[in-house]
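Asks: Sequence:
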Amino acid sequence: MTTSPDQKTASQSGSSSAAIGTASTPGTIKASRLKNAPCHTCRRQRLRCDAAKPTCEKCSVRGVECLGYGPQPILWVLPTSLDRAGKTTGLTAGSTTTGQSRSELQPMSAAVKKRGRPKLVLMERSKTGADEASLVNPQSTTQLQRQTKWVVANRWFSKDGAKAMCDMQRVSAGPTPVDYYDHVLALSMLEYMNEQIAPDLVLINTGANPHKLPTQFWRWFPDVVMDLVISCSLTHQVIRCQATQDDFPLTTENAGTQSVSVVRHRMISFPNPAVSTIYRHQQQTLKVLSEELNDKDIRFSDTILSVVIGLTRVEIQQSAFGAWATHLHAARTIIDDRGGFKHLLLDPDSAMGHSLTTFMLMDIMSTVCMPTHKLNRRHTLGQLDYIPLLDVVYKNGKFIDFPCPNQLLESIIRINHVRLLSQGFMNDSPDLDSTCAQILYRIVSFNPAFWAQTQLREFSLSSTSSELSDASSLSTVSYENATQTVTSVVGSNSIGAMCEDIARAYQCAVLLYCIRTLYIDRGKSIADVFAYPLAARILAEEQPFVDAEQPHQSTLESLLSALHRLWAREKSSDLVWLGKFTFWTLWIAGMELDPGEGMAHEKAFICKYLHRLCWYLGTLTPLDAISALQVVWSKTATGDSSGQQAAWDERLQMPSFLGVFFF
Numbered sequence: 001m002t003t004s005p006d007q008k009t010a011s012q013s014g015s016s017s018a019a020i021g022t023a024s025t026p027g028t029i030k031a032s033r034l035k036n037a038p039c040h041t042c043r044r045q046r047l048r049c050d051a052a053k054p055t056c057e058k059c060s061v062r063g064v065e066c067l068g069y070g071p072q073p074i075l076w077v078l079p080t081s082l083d084r085a086g087k088t089t090g091l092t093a094g095s096t097t098t099g100q101s102r103s104e105l106q107p108m109s110a111a112v113k114k115r116g117r118p119k120l121v122l123m124e125r126s127k128t129g130a131d132e133a134s135l136v137n138p139q140s141t142t143q144l145q146r147q148t149k150w151v152v153a154n155r156w157f158s159k160d161g162a163k164a165m166c167d168m169q170r171v172s173a174g175p176t177p178v179d180y181y182d183h184v185l186a187l188s189m190l191e192y193m194n195e196q197i198a199p200d201l202v203l204i205n206t207g208a209n210p211h212k213l214p215t216q217f218w219r220w221f222p223d224v225v226m227d228l229v230i231s232c233s234l235t236h237q238v239i240r241c242q243a244t245q246d247d248f249p250l251t252t253e254n255a256g257t258q259s260v261s262v263v264r265h266r267m268i269s270f271p272n273p274a275v276s277t278i279y280r281h282q283q284q285t286l287k288v289l290s291e292e293l294n295d296k297d298i299r300f301s302d303t304i305l306s307v308v309i310g311l312t313r314v315e316i317q318q319s320a321f322g323a324w325a326t327h328l329h330a331a332r333t334i335i336d337d338r339g340g341f342k343h344l345l346l347d348p349d350s351a352m353g354h355s356l357t358t359f360m361l362m363d364i365m366s367t368v369c370m371p372t373h374k375l376n377r378r379h380t381l382g383q384l385d386y387i388p389l390l391d392v393v394y395k396n397g398k399f400i401d402f403p404c405p406n407q408l409l410e411s412i413i414r415i416n417h418v419r420l421l422s423q424g425f426m427n428d429s430p431d432l433d434s435t436c437a438q439i440l441y442r443i444v445s446f447n448p449a450f451w452a453q454t455q456l457r458e459f460s461l462s463s464t465s466s467e468l469s470d471a472s473s474l475s476t477v478s479y480e481n482a483t484q485t486v487t488s489v490v491g492s493n494s495i496g497a498m499c500e501d502i503a504r505a506y507q508c509a510v511l512l513y514c515i516r517t518l519y520i521d522r523g524k525s526i527a528d529v530f531a532y533p534l535a536a537r538i539l540a541e542e543q544p545f546v547d548a549e550q551p552h553q554s555t556l557e558s559l560l561s562a563l564h565r566l567w568a569r570e571k572s573s574d575l576v577w578l579g580k581f582t583f584w585t586l587w588i589a590g591m592e593l594d595p596g597e598g599m600a601h602e603k604a605f606i607c608k609y610l611h612r613l614c615w616y617l618g619t620l621t622p623l624d625a626i627s628a629l630q631v632v633w634s635k636t637a638t639g640d641s642s643g644q645q646a647a648w649d650e651r652l653q654m655p656s657f658l659g660v661f662f663f
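Just so you know, we're using UniProt numbering here: the sequence shown kicks off at 1 and counts up by one.
Note that these hints are calculated values from the structure, not bench results.
Each residue gets a CB set at the ideal place from its N, CA and C atoms; glycine is no exception.
Treat each hint with caution, since some may be false.
[As the list claims (entries may be wrong)] BS3-like mimics (lysine-lysine), calculated; alpha carbons at most 30 angstroms apart, straight line:
(1) Lys-524 - Lys-635
(2) Lys-608 - Lys-635
(3) Lys-580 - Lys-524
(4) Lys-635 - Lys-571
(5) Lys-398 - Lys-608
(6) Lys-342 - Lys-374
(7) Lys-374 - Lys-524
(8) Lys-395 - Lys-580
(9) Lys-374 - Lys-635
(10) Lys-608 - Lys-580
(11) Lys-58 - Lys-342
(12) Lys-571 - Lys-608
[Claimed, not checked] Beta-carbon label-pair distances, calculated as ranges:
(13) Ala-497 - Glu-57: 56 to 62 angstroms
(14) Phe-450 - Ser-276: 49 to 55 angstroms
(15) Asp-649 - Asp-391: 31 to 37 angstroms
Work out the full structure: start from the sequences and follow the hints.
Replies: And the structure:
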């Protein structure tokens with residue numbers, strides 16, 4: 001019988017070990033070890049050893065505990081060889097391989113030393129009860145259930161100086177590689193995020209999209225990050241699938257006529273097998289976070305902070321009434337421990353990316369959706385520190401799915417501040433009235449047409465800037481394709497009109513929030529403010545979208561008109577459609593809508609397109625907004641316009657759950 005190349009090398013390895021142990025001097029032993037000793041761990045991991053000392057560097061890169069170099073035989077390869085006659089060499093007569101210790105193995109004969117790769121044959125083991133159980137049902141083993149163990153590897157890849165984390169590699173007992181199915185799921189969900197989710201997170205999708213993750217480096221992402229990506233992508237996928245089904249709480253036909261109950265955990269009720277996978281990976285994320293927060297080296301690292309902020313967003317994606325407030329508090333604690341928002345933003349060693357922008361928006365907009373008596377004084381006052389940083393961190397919302405202009409976002413922050421101050425004796429202060437008037441003038445003086453032209457010009461110029469070049473190097477879109485995309489989008493007539501409409505919608509929404517909380521709820525007359533010469537000059541210079549005699553009603557009508565124009569272009573826009581950014585503006589319109597029968601068609605319009613946003617955004621928050629609005633409408637319906645007099649705080653408390661409704 002012909003000896004296989006694998007068996008030949010196995011014999012060679014055993015014979016070399018025997019020769020070193022019997023007839024060589026100590027100097028010869030040392031030289032032979034350095035020259036011929038195999039790298040057993042690398043061979044087990046299917047890696048080609050680079051012979052680096054003291055350990056193989058490839059083992060360090062892959063997160064493998066390198067066993068080093070030595071003459072001992074590989075335990076999982078049979079140290080035997082069959083000669084041509086079928087006789088076994090290297091074992092004493094009557095001995096068996098099973099249970100045999102390494103000291104009992106005899107060296108192989110030098111006559112059968114051949115070159116070749118050793119045959120990888122597992123040694124036989126005595127089948128215990130645990131072994132037999134694992135062989136009966138290999139699916140129940142830990143092959144498909146990762147047991148994450150962090151090791152230090154490649155510290156220079158960690159920008160924040162914390163531990164770089166990767167999985168400890170293990171050997172699979174089955175025909176498929178270890179964690180094969182988990183890796184397939186992770187890579188497919190990462191590609192899904194780049195193709196389906198990331199384009200909806202920016203105003204205009206180009207190669208400069210900062211939300212795309214480089215798939216070529218996916219093996220370097222920690223498990224806690226990949227678990228978060230899987231949860232977010234699968235949630236997006238499941239919601240898109242369910243939004244087109246007949247058993248979804250609303251459909252396009254019955255939107256506006258069917259009542260939707262307020263439900264805190266709606267995802268669990270979906271008959272989709274992926275729901276259990278979503279919650280499993282989400283639980284793994286929470287488990288790893290709870291463990292890593294006890295590690296002083298990485299407790300407040302960029303990775304942990306980004307995961308906490310991302311987990312906050314996943315909670316909002318699954319429900320507007322979820323546990324997002326707990327994660328937001330945790331993120332705020334980490335930021336305060338690292339010196340504050342401004343210090344972390346301007347830190348050159350920080351690699352937070354746009355996670356800080358997401359945190360800032362959650363902090364600001366959650367205050368909008370919170371009753372005044374529940375506002376935290378320190379947190380609300382701290383939002384004023386965001387104002388001088390908006391040009392750095394926010395950039396008019398170009399790279400986040402809340403494209404509110406800087407001037408209007410600043411007004412929202414100042415409205416939140418006035419709401420906090422109006423709780424006490426300062427409510428009737430002339431200084432507070434003057435501040436309210438300044439906020440109102442700043443909102444009305446905003447020019448949507450000029451803002452739209454400026455944003456499109458910046459997008460056009462960015463196609464030749466270094467920012468786009470750097471971003472496109474990590475993106476699947478090449479530099480030339482990105483430049484062509486920007487040019488074609490900016491040159492379109494419809495994109496300019498949609499940019500102006502989206503800016504007008506945000507302006508009207510912020511103005512309604514201002515009129516409601518700073519004037520109507522405080523019992524102040526807004527007509528007196530518009531009677532000032534400054535207000536008259538502003539209204540004369542800008543387009544007359546506000547009627548000085550009926551500012552609330554005229555602003556609401558302007559908001560609804562802008563929303564109707566945006567959604568009318570839903571099917572006609574090929575490259576870019578900005579109606580997907582109208583969530584918050586639709587919610588504000590619903591909150592300020594007259595609940596009487598005369599506005600039934602507008603209520604149907606709001607419900608219908610909030611339902612459509614569930615599919616576009618892959619989130620259930622718009623559906624929760626419908627249920628909250630229906631509660632507000634039912635409790636404020638009086639048959640006339642007096643229902644509009646319900647205070648902002650009263651409307652927020654009507655659904656009985658604290659929610660957020662902005663993305």
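Asks: Hint by hint, note whether the structure agrees.
Replies: Hints, one by one, checked against the model:
Restraint check for Lys-524 and Lys-635: satisfied, since their Cα atoms lie roughly 24 angstroms apart, inside the 30 angstroms limit. Between Lys-608 and Lys-635, the direct Cα distance comes to roughly 21 angstroms. Compliance with the 30 angstroms bound is thereby established for this hinted pair. With a C-alpha separation of about 35 angstroms, the suggested pairing of Lys-580 with Lys-524 is violated against the 30 angstroms cut-off. Restraint check for Lys-635 and Lys-571: the C-alpha separation of about 35 angstroms exceeds 30 angstroms, so the hint is violated.
At roughly 27 angstroms between alpha-carbon atoms, Lys-398 and Lys-608 fall within 30 angstroms of each other, so this suggested pair holds. Proximity of Lys-342 to Lys-374 is assessed by CA-CA distance (about 25 angstroms); at most 30 angstroms being required, the pair is judged to hold. For the hint pairing Lys-374 with Lys-524, the CA-to-CA distance comes to about 23 angstroms; that is within 30 angstroms, so the pair holds. Distance restraint check for Lys-395 and Lys-580: the Cα-Cα separation of roughly 19 angstroms lies within the 30 angstroms cut-off, and the hinted pair is therefore satisfied.
Proximity of Lys-374 to Lys-635 is assessed by CA-CA distance (about 22 angstroms); at most 30 angstroms being required, the pair is judged to hold. For a cut-off of 30 angstroms, the pair hint linking Lys-608 to Lys-580 stands: about 13 angstroms separates their Cα positions. Restraint check for Lys-58 and Lys-342: the C-alpha separation of about 40 angstroms exceeds 30 angstroms, so the hint is violated. Annotation: proposed proximity of Lys-571 to Lys-608 holds, straight-line Cα distance about 15 angstroms (limit 30 angstroms).
A C-beta distance of roughly 58 angstroms is found between Ala-497 and Glu-57, which places it inside the suggested range of 56 to 62 angstroms. The hinted range of 49 to 55 angstroms is satisfied by Phe-450 and Ser-276, whose Cβ atoms lie roughly 51 angstroms apart. Remark: the range hint 31 to 37 angstroms for Asp-649 to Asp-391 is upheld by a beta-carbon distance near 32 angstroms.
Comparing the model with each numbered hint stated earlier shows that hints 3, 4 and 11 do not hold.
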